[in-house]
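Enquirer: Assemble chain B onto chain A, guided by the hints.
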Amino acid sequence: MNEKRAAAYRLSATVALVLAVLTIIEYVAGVYWPSPVVLMLLALFKAVAVLNYFMHVSRLWTAEEEH
Amino acid sequence: MSAATAHAVAAAHAGHHGDHHAPAVDNYKEQLRNNRLGLWLFFISETFLFGGLLAVRFFLWGDHRPELDQFIGLLVTSVLLLSSFTMNLAEKGMEHGDMKTFSRGLLATAVLGTIFLLGVLVFEWGLFPAIYQGHLTPWDNVYGAVVFAMTGMHALHVLSGIVFIFIVWRLGRQGHYTPQRHWGVEACAIYWHFVDLVWIFFYPALYLIGTPVH
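Read top to bottom, the protein sequences are chains A and B. Anchor point for the first sequence: position 25 equals 25 in the numbering used here, and the numbering is continuous, going up by one each time. Anchor point for the second sequence: position 22 equals 22 in the numbering used here, and the numbering is continuous, going up by one each time.
Since the hints were derived computationally from the structure, they do not count as laboratory data. Here the structure is a predicted model, which is why all the values come from computation and not from measurement. Glycine included, each C-beta is placed from N, C-alpha and C at the ideal position. Not one of these hints is a red herring.
Have a look at the derived ranges for each label pair, beta carbon to beta carbon:
hint, chain 1, residue 1, chain 2, residue 2, range
1, B, Thr-114, A, Ala-20, 18 to 28 Å
2, A, Trp-33, B, Gln-133, 28 to 38 Å
3, A, Met-40, B, Gln-31, 35 to 45 Å
4, B, Gly-52, A, Asn-2, 44 to 54 Å
5, A, Ala-7, B, Thr-137, 42 to 52 Å
6, B, Gln-31, A, Pro-36, 38 to 48 Å
7, B, Gly-52, A, Ser-58, 19 to 29 Å
8, A, Leu-11, B, Thr-47, 22 to 32 Å
Only chain A is shown next, with the shape it has when bound in the complex:
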């Protein structure tokens, strides 16, 4: 149980770290090379990460335990 919990917290931290890195890349790109396509693509990557790992969109079509 503790191992599972630690793994869940680690996954949260990893996703947050990826989002932070993408945000910094987005900021640098926006300041020095503000291409709308690149910036919106970066935003899309971040959105997919949030949808998948934080919003659990896949729970809509997978049968799983109670929550």
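Expert: Chain B in isolation, oriented as in the chain A frame:
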């Protein structure tokens, strides 16, 4: 009532009580599926609202934008992203019966959400000139109007998210949720992440894309 009928009724009752637990679990799972579907349908309708605002920004501003402080934009965005992390920790805490992480995660999320909200009020709206002199108003030009419409609608959702968090936090402390059954916590977390998701697209649209107009 004949003896046979009385026996049949008693058997039906026994059967009903004997299977009482299984249908309740199935009903809960079905209810949970419906709840999730309902919440996501709500998000679709919200997407039309925020997508419309985003379309307005690109239609009216084109490849220009008002001169907003990009570093402050990065700071408020980081605060909101961090709040998504603490919210996820709170949800995972509940899933694994870790009430301390659940409680602290929710409170941290509410605090970060409030900081984000204050950031919007002070630095984007310029409501407190003693701290920061803002140069945009909702009625002067198309830049101010769009900035206030986008950030205002988003801030309203952040505010309602903070209220939602306090309700869930209080119910959690009263023991309304268990690791097996905590739809309220899941809904609150997903709602908060949706608010973050909207900002993920608003941030580049407001602060990064386009040439600044002085």
